[in-house]
Amino acid sequence: MNNKRLVTAVAAGAVVVMGLSACGGNGTDGKNGGGGTKTPAFNAALTETFNPSDKKGGIVKIANAGTWDSLDPGETYYGYSWNFLRLYGRSLLMFKPAPGGASNELVPDLAESLGTPSEGGKTWTYKLREGIKYEDGTAVTSKDVKHAVLRSTDKETFPNGPAYFEGYLNLPEGYKGPYKTKDMDTNSAIETPDDRTIVFHLKQPFGGFDYFAHLPQTVPVPEAKDTGAKYREHVISTGPYKFDKNEIDKQFNLVRNPEWKPETDPNRKALPDGYEVTMNVNADDIDNRLISGDLHIDITGTGVQPASLSRVLSDPALKASADNPTLARLWYTSVNPTVAPLDNKECRKAILYAVDRTGYQTAYGGTFSGGDIATSLLPPQIPGAEKFDLYPAGPDNKGDVAKAKEALTACGQPNGFETNIAYRSERPKEKAAAESMQQALARVGIKLTLRPFPQGDYFSQFAGNPPYVVANKLGLALNGWGADWNDGFGFLSQIVDSRVIRETGGSSNTSVRIPEVDKMLDEAIGETDAPKREKMWAAIDKKVMEEAVILPGVFSKSLILRGKGLTNVFVSDAYGMYDYLAMGVE
Amino acid sequence: MTPPLEVTESAAEAQPEVTLAGMSKKAIQGRSLSQIAWMRLKRDKVALVGAGVIILLILAAVAALVLDRFFNVIGPNDFHQDLIDTEGGTLAPKGPFGGMSLEHPLGVEPVNGRDLLARIFAGSWISLLIAFLATVLSVLIGTVMGVMAGFFGGWIDTLISRAMDVFLAFPLLVFAMALVGVMPDTIFGLGSETVRIGMLTFIIGFFNWPYIGRIVRGQTLSLREREFVDAARSLGARGPYILFRELLPNLVAPILVYATLLIPTNILFESALSFLGVGINAPTATWGGMLSEASRYYTMPHFMLWPGLAIFVTVLAFNLFGDGLRDALDPRAR
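As you go down the protein sequences, you meet chains D and R in turn.
In terms of UniProt numbering, the first sequence is residues 1 to 586.
In terms of UniProt numbering, the second sequence is residues 1 to 334.
Fair warning: there could be bad hints in the mix.
[Claimed, not checked] Quick list of in silico lysine-lysine cross-link-like pairs, PhoX-like style, CA-CA up to 25 Å:
1. Lys203/D - Lys56/D
2. Lys261/D - Lys55/D
3. Lys429/D - Lys94/R
4. Lys127/D - Lys261/D
5. Lys94/R - Lys398/D
6. Lys180/D - Lys203/D
[Unchecked claim] Simulated coverage check for chain R against chain D, where a stretch passes if three residues somewhere in it have a Cβ under 8 Å from a Cβ of chain D:
7. 73 to 86
8. 277 to 289
9. 292 to 299
What the hints contain is simulated information worked out from the structure, not anything from laboratory work.
Built from N, CA and C at the ideal position, the CB exists for glycine as well.
Okay, chain D solo, but in the shape it has when bound (with noise of 0.2 Å):
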């Protein structure tokens, strides 16, 4: 019997042991098969086209992690899905499709030009191009673009779209999209003189319209073909390519559409015969299969799984089919002014000196897939983003002691304080940043306690919740940020307006209450000329640093990879990941 036990305690260490060896190296070939006139190197798509070709042919191969949440332009809500969208659909504006910062600017596709402002900002005039069809041959009137806008603001049959549309639209008391209430009179927010004319009439000027129009919610859908919530499973048309078999939530392909004619189009090349897209694939599956070259797009662009990661940065020829872009995000931890003692502006500085950014960075994964140090508010993608730093942390960017002590005596805790800080308990990344914060401010006396919360609830009941934040002094809460597009007021009008804030919770802005900011807000996005408009916002972010009620930390990154036999490959600052528009295979 003894023996039988003996036996046992052997078994289970040997199992230990071979656990072991199983973990060992595997090695691969990292050859790139590039091969074309450009060689692959880091980042060689960040800012220019890699392997740039007009050969046409070929079938793109695409895998999702997940799903999408909806394939109707009136509904989803994804970067990719914008991004990949403008292949079967064609919005009023779109981001030009090219490397680097150059698509940031937006330009006309289903419209001729971009929009008129008139009556300062309250009225958007677009003109239609002549000559765009549908996939079945019938013309693209400005009556299919009303009715588009319209049903997207019918947020009872598609929950999950973005909602500009019926918060800045002059829509009547009641309106509850074309469905529902289909006889209402609804030219008070969209009027169509003619067929290639639409009139946007808004509540309140808002000088960023054209942002709006290039939203997926402007795709044309004929009203005799829309089948409200089922329109997913077959949108029609007006890209290049056009669904040819498409099963929800599992796999679809896309195949040429004839009724485009590229004369109707400056912005397409459409080079590939087709897309074939799987989904919910196995995401370390889909960077094996990226590497060996089986697949060519991860189509959500968010970058390579922890455990791909550091195989691709460890192996040269791996890293030289990758690319680092980074993200118009901010990773960052609001510093809230309702717990003392940070109700004193020299307490928060205090903070704000002694946090290490290193520290910070490579908690949130280092600089390639953490993200650079951020020291202001605006990602610098983000037109009119300024850099500066108000609180220099020093020469090794870990924190400024001196200086944090200095704010302590001048706050009148000179030996410091204790206070709670929040994170998402899911995310590690939060975790291994609060951890941080907490060691480096312990160098000037301030105890941190750490405070996990759920992240279903984070902002509706914890974090986000100005009660319970005073009451549970949470006096830090971890907090990110990124806007449905790069501009300012995307970025910057859900985390500085204080108008936002909700005494019931749900808001991710709880620390910035500035009534000069929410002043500065107004101008701005009453303000139709761009470049004046993007020095506010600029203005903006300076003024909320100097409150010290944000600490930035780090503007995203991810690491993303290049498919094996791509051309005309390079990254869209506008989406953060590569542009789905211009590739084609070799």
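With chain D's structure known, arrange chain R on it following the hints.
Same frame as chain D, now just chain R:
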């Protein structure tokens, strides 16, 4: 009625049939049950090794508690980011085998470079403390409930037995996660760590009592029908006397064995809860929490190896010892 046996004189002088050479002719001393058990245990080398490891672990845990909390010399939460490959971007420890060196014998964690040995050492007391306290709680509740159900029978038995069924069918993990969500961080001025330790002890201990309760109830049921209980009763003994003097001493052996086998289960349970993120709050090191973090870095196996090995050795030691103890106390149960 048959007459009592007649005791002859020769029977009183009965001698062992065989006498071993070298053995004195002195009368053989009677051995108590515990002496016999100890003798058997001493012969069981595997169980002794288990016991030795357990003693070492307990000493280490106590040392860790004292050194970490009162002298603050272990430094399980100190960052060593200079040992991390931040330039290359992999955030793995520099050097082979997870950055093993004389200063960091087991290497360091990726990303923040905390010393693994220090964290495992500092984490030992929490794992063991929770496992011990939870076991004590289960055994206490389980014994009381089991004895009551078995001894009194009737509707009390029915009530307790059904309660056990309810507890056994309870979705414990889901409950634990929900409880952690609504639990305030400080209660009665206690720190968040004390609250968490208390809560985990409660969850693990309170919901495990039916297992031991059922064993005790079964044993009590069979014991209360035995002759010695009948004898005590016919001599006029009352309930409490029978309970504490006749039944409980006979229940010690199964309870002790079950308790030693429950401790490793509880260690694993605590690890599982930490793994699911409902354990002790960061940055306090626990073995389960370390495993949970390591699972994200499965390309760096060293990170997972050490906390895994610590749990493995502890659980194995308790199991081997508990197994040996059972054999020693109750040889028929083999």
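Hints breached by this structure = 1
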